[in-house]
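A.B. asks: Chain by chain, the residues:
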Amino acid sequence: MHLIVDGFVSRRQILEDEESIYKFLDEYPGQIGMTKISPPQVFRYVGTKKEDWGVSGFVFIAESHLSIHTFVERSFVNVDIFSCKDFNADRVIQDLKSWLKFTAFRSQLIDRGWESLAREEPAEVESLPRSK
Amino acid sequence: MHLIIQGITSDAQRVPNLKFIYQLLDSYPTQIGMHKVSSPQVSQYQIQRSKQSVISGFVLLAESHISIHFFPDQSYLNIDVFSCKKFEPQRVLRDLQRRFQLREVKTYLLDRPPSVLSIPEGGYPDAPHS
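So the protein sequences, as listed, match chains A and B.
Going by our numbering, the final residue of the first sequence carries number 132, and the count climbs one at a time with no gaps.
Going by our numbering, the final residue of the second sequence carries number 130, and the count climbs one at a time with no gaps.
No lab work stands behind these hints: they were computed from the structure.
Be aware that one or more of the hints could be misleading.
To be verified - Looking from chain A toward chain B, a few residues come up when the C-beta cut is under 10 Å (computed):
{"no.": "1", "residue": "Ile37"}
{"no.": "2", "residue": "Ser38"}
{"no.": "3", "residue": "Gln41"}
{"no.": "4", "residue": "Lys50"}
{"no.": "5", "residue": "Asp52"}
{"no.": "6", "residue": "Phe58"}
{"no.": "7", "residue": "Asp80"}
{"no.": "8", "residue": "Phe82"}
{"no.": "9", "residue": "Ala89"}
{"no.": "10", "residue": "Ile93"}
{"no.": "11", "residue": "Gln94"}
{"no.": "12", "residue": "Ser98"}
{"no.": "13", "residue": "Ser116"}
All of these numbers come straight from a predicted model, not from anything done at the bench.
Glycine included, C-beta positions come from ideal geometry on N, C-alpha and C.
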């Protein structure tokens with residue numbers, strides 16, 4: 001199960017705050033029944049254009065990962081919560097909403113378990129399906 | 001743009017090797033014009049509940065990240081190539097299919113730039129309107 005949440009936030013200062021992003025990656029897995037297998041890694045980066053900067057971080061959890069990428073000048077954030085163990089996606093969305101105060105966001109949920117390979121026809125290389 | 005590749009590897013020799021996954025995460029980003037902001041992190045661990053072994057690798061890019069999770073018991077690979085810049089998903093899929101000798105491949109291509117969302121009325125909060 002892979003929950004993807006992309007959104008604009010009203011609390012831009014969170015997006016540049018490495019400490020609060022580290023804290024989220026460090027503490028949130030435990031709150032939703034996931035097991036961290038390493039400490040989070042969080043970096044501030046500057047892209048090829050000066051206004052392309054933000055904070056990126058990830059943490060391994062048993063079977064997958066959580067990651068966050070922020071784009072401070074655009075007040076935009078990408079969040080991935082990816083686990084082979086089921087979790088309550090609605091609750092995670094609510095938690096992200098109350099932490100980040102989205103002004104607009106989109107969420108997507110994707111089945112990533114190996115059993116899912118058998119459920120659908122494998123995709124053709126030349127026609128990558130787009131998620132709805 | 002976020003490309004998700006799931007598949008079974010036929011390469012039982014190289015893929016279960018941490019070094020192979022590390023080297024791929026270390027060298028591949030520049031081959032597709034992406035920029036690493038950290039060295040890759042690759043770990044092998046066992047899930048307590050199921051006793052299943054997993055190898056996980058991750059590299060952060062200025063553009064976002066590439067991650068690989070490998071489940072040796074099922075020869076199953078879960079790969080994410082995620083960049084806020086456009087790249088050629090067909091090429092990446094071909095490259096990774098070849099390097100990991102993947103079969104039973106299933107892919108998703110997700111649009112993840114800010115343009116997918118409606119811009120809030122009055123522009124982005126505390127940011128230029130353009």
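A.B. asks: Name the hints, by number, that the structure is in violation of.
C.D. replies: 4, 9, 10, 11, 12
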